Each structure stands twice: as structure tokens, then as C-alpha cells.
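Please model the entire structure based on the sequences and the hints provided.
Here my numbering is used: the first residue of the sequence shown is 423, the next is one more, and so on.
There's no promise every hint is true.
As the list claims (entries may be wrong) - Here are the simulated DSS-like cross-link-like pairs (lysine-lysine), alpha carbons at most 27 Å apart as the crow flies:
no.	residue 1	residue 2
1	Lys577	Lys615
2	Lys666	Lys615
3	Lys608	Lys536
4	Lys603	Lys536
5	Lys582	Lys625
6	Lys536	Lys577
7	Lys608	Lys666
8	Lys603	Lys615
9	Lys608	Lys625
10	Lys463	Lys582
11	Lys577	Lys625
12	Lys582	Lys536
13	Lys536	Lys463
14	Lys603	Lys666
15	Lys658	Lys625
16	Lys625	Lys615
17	Lys608	Lys658
18	Lys577	Lys459
19	Lys658	Lys615
Keep in mind the hints are simulated off the structure, nothing from the lab.
Every value quoted in this text rests on a predicted model; they were computed, and no experiment measured them.
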Amino acid sequence: MDVVLAALVKFFETYERYIEATIALVLGVTLSYFVRKLLFKQLARGMPHHLANIITRGVFYTLLLIVILIAAGISGINLMGLAVAGSVAGVILGFALQPVITNLAAGMLIITEKILSPGDLVEIDGVRGWVVDVSLFSITLQRLDGVYVRYPNIKVLSSKVLNYSRSPVMRIDFVVSIAYKEDAEKAYEIIRKVVEAHPLVLKDPPPEIFVSNLGSSGVDILVRVWVPTQMWYEVKRDLLWRIKKAISDAGIEIPFTQIDVWFRNPIRVEKS
Numbered sequence: 423m424d425v426v427l428a429a430l431v432k433f434f435e436t437y438e439r440y441i442e443a444t445i446a447l448v449l450g451v452t453l454s455y456f457v458r459k460l461l462f463k464q465l466a467r468g469m470p471h472h473l474a475n476i477i478t479r480g481v482f483y484t485l486l487l488i489v490i491l492i493a494a495g496i497s498g499i500n501l502m503g504l505a506v507a508g509s510v511a512g513v514i515l516g517f518a519l520q521p522v523i524t525n526l527a528a529g530m531l532i533i534t535e536k537i538l539s540p541g542d543l544v545e546i547d548g549v550r551g552w553v554v555d556v557s558l559f560s561i562t563l564q565r566l567d568g569v570y571v572r573y574p575n576i577k578v579l580s581s582k583v584l585n586y587s588r589s590p591v592m593r594i595d596f597v598v599s600i601a602y603k604e605d606a607e608k609a610y611e612i613i614r615k616v617v618e619a620h621p622l623v624l625k626d627p628p629p630e631i632f633v634s635n636l637g638s639s640g641v642d643i644l645v646r647v648w649v650p651t652q653m654w655y656e657v658k659r660d661l662l663w664r665i666k667k668a669i670s671d672a673g674i675e676i677p678f679t680q681i682d683v684w685f686r687n688p689i690r691v692e693k694s
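Printed below as a string of C-alpha cells:
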């Protein structure tokens, strides 16, 4: 028994620093986790959840770094030598991770300036969809067809970005074509009645309906209406269907592309 006890005492004397460092590391990580959880609850009351999550994540990793340094000091590791090695490694990583750092800076700018937020309807480089997630490194977009697209933050900042959700209403435009032989005023009245009868088309600003072009195959009537931003797709789809049905029921011809070929002089046909 005395031999076992002596061995344990010698073991603890030999590895005392490492045991203390391990205990400090476990306690520090646990405490950091609870601080992150508590801080998120407090911040989420006054700011968007995605922004609160990014802030608390940064605090959490900072606390972890401090805990690791404290544990290293307790275990007897030479922090000065570690700092020198870390400086050299930092310079090397700085060059290697330059795109990552640039992305990180772009992400911080997007978040602090509130350029985009989850739930926004946006268009990036011609791709339209809903913002699903905004992180420090990328933006996740769900296209209207359900496909998810991930954009690096630096690309978002350097691209043309249209945010439709900044305003509760948006304008949608579409063209209705009728044949030249049809009565444009009659078509106008039919379209106007359909537009004014739609429950989601706003009265103010008022709808605009006018002839916009005399095309090669027919007369183009441009329709402009203002609708709730969140319902723009459903309204446009429904309006086009209603207008098509109303015009067809009225017997108005919707033209299709056609080419008439004529000859200045009569064609001579020789019979063999």
C-alpha cells in the first residue's frame, strides 16, 4: 500500500503542472461556452439573431484563445518562444490566407452596414432569390427555383446588388401584345379592368397601361403595377393568367412572330 501511495505522490509531483493545466483548460472551455450562450440571449433581444450569433462566436473564440494561453503558461510552456514562432507562422499564414482575410473584412462590412439580411429578396449578378444566411465569409442565397447559391462576401461587395426588400412595395412590368387588326382601346379597357379588380394590386401608386412599342408582329401594351414585395411573383403570375384569359374570351388575337415574303415583280413560272 505504501508503495502505491508513494507512486501516486511521485506521479502528481511529476505531472502536477499538466494536471492543473488540463483542469484549467476544461473549466475555461466550459465557462466560455456558458458565456457565449448567455451573451447570445442578451444580444438577441435587441438585434437580429444572425448578427448576435456572429458577435458571440467571436467572443467565444477569443475566450478560448485566452484559456489556451493560460493553460500553456500553467503547464510550463515557454510563451515567449511560442510568441516568436507564432509571429513567424502568422506572417506566412497572412500571405496564404489573404483571400480569407479579405472575405472576412467584406463580411464585417456587410454586417455592420446591414447591406443584406436573412429574408431579403435580392438580385446578385442577375440571380434573384432570398437571402438565407449572412456569415463572416459568405452569403447563402436561395433562388426562386429552390436552388441554393453561395457567394463569397468579397464577390457580393464587388457585384451589382439589388435589394427589393428595402421597400414594402415594388413595381412589376410586363408586356401584352395584340395583333395590328385588333382594337387597342378595347384591349386597354380589358387589361385595365383585370388589373383594377386584382386585390393585391395597389391603388397608389396607380397602375400604368399604355402602348409602348409598335413591333414587327403586333402592338405592345406595357403594364406597370405596384404590389407588396413579398407577393410580387404570385401577383405577376396571376395577372398574366387573368389577362390572357380575358383577352382570349373577348376574341382579341395575340400575335405570333411571322414573316410575309412579297416580290416587287411577278414571278415567272416555267412549265417543262
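Right, here's what the structure says about each hint:
About 45 Å separates the Cα atoms of Lys577 and Lys615, which puts this hinted pair outside 27 Å; it is violated. Between the alpha carbons of Lys666 and Lys615 the distance comes to roughly 13 Å, so the proposed pair stays at or under 27 Å and holds. In summary, the hint linking Lys608 to Lys536 is not supported, as the alpha carbons are separated by about 48 Å, beyond the 27 Å threshold. For the suggested pair Lys603 and Lys536, the alpha carbons sit about 53 Å apart, so the restraint of at most 27 Å is broken.
For the hint pairing Lys582 with Lys625, the CA-to-CA distance comes to about 31 Å; that exceeds 27 Å, so the pair is violated. For the hint pairing Lys536 with Lys577, the CA-to-CA distance comes to about 16 Å; that is within 27 Å, so the pair holds. The hinted pair formed by Lys608 and Lys666 meets the criterion: a straight-line CA distance of about 14 Å does not exceed 27 Å. Among the hinted pairs, Lys603 with Lys615 is consistent with the structure: their alpha-carbon atoms are about 22 Å apart, no more than 27 Å.
Under the criterion of a C-alpha separation no larger than 27 Å, the hint pairing Lys608 with Lys625 is consistent with the structure, at around 22 Å. Simply put, Lys463 and Lys582 have alpha-carbon atoms about 35 Å apart, too far for the 27 Å limit, and the pair is violated. For the hint pairing Lys577 with Lys625, the CA-to-CA distance comes to about 39 Å; that exceeds 27 Å, so the pair is violated. Under the criterion of a C-alpha separation no larger than 27 Å, the hint pairing Lys582 with Lys536 is consistent with the structure, at around 16 Å.
The suggested pairing of Lys536 with Lys463 holds, with an alpha-carbon distance near 21 Å, which does not exceed 27 Å. With a CA separation close to 18 Å, the supplied pair Lys603 and Lys666 stays within the 27 Å bound. With a CA separation close to 16 Å, the supplied pair Lys658 and Lys625 stays within the 27 Å bound. Distance check on the hinted pair: Lys625 and Lys615 sit about 13 Å apart at the alpha-carbon level, within 27 Å; holds.
This hinted pair checks out: Lys608 and Lys658 have alpha carbons roughly 22 Å apart, not beyond 27 Å. Our distance criterion of 27 Å between C-alpha atoms is broken by Lys577 and Lys459, whose separation comes to about 32 Å. Of the supplied pair hints, the one linking Lys658 and Lys615 holds, its CA atoms being roughly 16 Å apart against a limit of 27 Å.
Checked against the numbered hints above, the structure violates hints 1, 3, 4, 5, 10, 11, 18; every other hint is satisfied.
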